[in-house]
Amino acid sequence: MTHHGKVLCLFFLALGSLNSWAECDVEAGKKQFNKCVACHSVEPGVQLMGPSMHGLMGREAGSMEGFPFSEAMASADFTWTEETLDAFLEKPMQYVPGTVMPFGGIRKAEQRQALICYIKQLN
Amino acid sequence: MEKKPEPKTSGLNRRQFVGGAVLATSATALSAATTAQAACGDATGCKTPGCDYDVVVIGGGFAGVTAARDSQKNGMKTLLLEARNRLGGRTFAADFEGVPIELGGTWIHNTQPFAWAESQRYGIDVVETPGAVADVMQVVTPDGTRSSLSLEQITELVMGWEAYCAMAREILPRPYDLLHNRDAALKAEKISATDHLKSLQLTPLQQNFNRAMISVIVNNHAREMSYLEVLRFHLLGGGYFPTFMDSTTRFQIEGGTPRLLNSILQDGEPDTRLATPVKSIQDLGEKVVVTTSRGEKITSGAVISTVPMNTINAIDFQPPLPQGVVDAGREGHPGKGLKVYMKVEGDQGNFASFGAGLPLTYAMTYKQGKDYTLVVGFSSGADELDAYDEEAVQVALRQHLPDAKVVGVMHYDWVNDPYSRGTWATYRTGWVEKYYEQFQQTSGRIFFGSGDHGEGWRGTIDSAIGAGSIAARKANDLLS
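Listed in order, the protein sequences are those of chains F and G.
Note that this note's numbering has the first sequence beginning at 1, numbered continuously upward.
Note that this note's numbering has the second sequence beginning at 1001, numbered continuously upward.
It is possible that some hints are incorrect.
As the list claims (entries may be wrong) - Partial list, derived from the structure: chain F residues whose beta carbon lies under 8 Å from chain G:
1) Met49
2) Ala72
3) Met93
Treat the hints as calculated values from the structure; they're not laboratory data.
Small disclaimer: the values here were computed from a predicted structure and weren't measured.
A virtual CB, placed ideally from N, CA and C, is assigned to each residue, including glycine.
Could you put the whole structure together from the sequences, leaning on the hints where they help?
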């Protein structure tokens, strides 16, 4: 590898760590979002059976104004982060008992990570 | 970070109140008095003195929407309550990368009197599902052997199905009157669909196809349903293999199920509220009080419950439901399977493939695109196939299409949905004797109009419409 090549490589590594979403596969995540798309829009303010996923990260669970959350989700006391979303997507109905989101859960970690990658960049 | 909105306590007008989802987050703050006033501001609006509504319909699927339309058109002030944040019940149209699909109930047919009448009434045509009349018909054995069927083999397969159903006309002379030949029907409903299959001298091809077909009908393992139920489907579908096949998977509603649903709803224009689960229904003799999960109380002259069989025990009924209805709800109808859409690379042709005992018991072409094929498949349940895992779905589909590259998967988890807890209803062995009469009971001012208990095409869009319209007629008889 040339000197320039090494520098370029380091540059992208540094960029990657600054923008962690760029490391993950948004396209694979978009495919994963097929599991969600019937009930969740990615457009801001578009509420389907479930709330819009736009701007989910950092939002308090069950907090989108105007959306009729279940009692369970409305009273949930956590914020959507990569960690909480990962735990939720694995077993939603155990993570928030009483949620009316009909979703059995994604068992494979890499599939959840791809999905989270896609949802993150919606912010 | 956004803050949780403060509950609103005032400022709702009547339109907002009946408008549904928009107010659901603030609904907890509404007192019963506010509710009554808002819902029934015009005292002359109700025939039933002192009530908010004449008829309250619980459940906004095809049964509930039909019951609400008919009640409103009968001159009853009617409110439709739906737990989910959408109408449609166990029908749910969606978009799969630009292709319209139906995640739940899909097909209607001219042998289905109620659904066909409604589609004709509103001038709605049908479109065909290619796989129902496939160019290639295939059977896959449990050891993985695939056979593309020749004309002779298709004849063999049809003969095997007809052999399975040979006694149908004798046992069920009138398929809408399950107990018309009471003794024969009660005997047949004690036999599981698979036990009858085992009792017949059929070829391996016939055995395999019949078992796969029965699994598709029950949306579970074939053993979970009674032999009588198979005969019912066969006879309702014309008692003849080709029309039977057409009746189950050929004709879709043009424009999707919401088009028909909305036509029915807009014809009646009942007040409608979404995202409003019901906690209890109390028949007080002079009126019925419906209490929502948020504590609102709505009074009416009659209630029509179209709540699915598998979820009915989540609502507190007073007087209590018949014990058989409670028991059946606990046991659950066997519709616990999966319907999975798979986008596959390339043109896979127009095929239909059956495989008893495989993770996908049935797969067929739903749409042929230029560079892709959309395949719809059915599975006996989550224990057979993890539909959330594209890799598992691809492995399952490759038993039918060896080179399939699955590039997208969509399904809806009806079994985990707290407002359905299952797909469509058929009866387990012994249920007709144990529960059937109790399924048919009404109780004072409470009427039951779920398609899960409907006569005829039980478990279909057709039976939902039929059950809803019959319940509306009964409520009208009481209140008129």
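A quick look at each hint next to the structure:
1. Met49: Methionine 49 (chain F) check passes; min Cβ-Cβ to chain G is 5 Å, inside 8 Å.
2. Ala72: 10 Å, violated
3. Met93: 6 Å, holds
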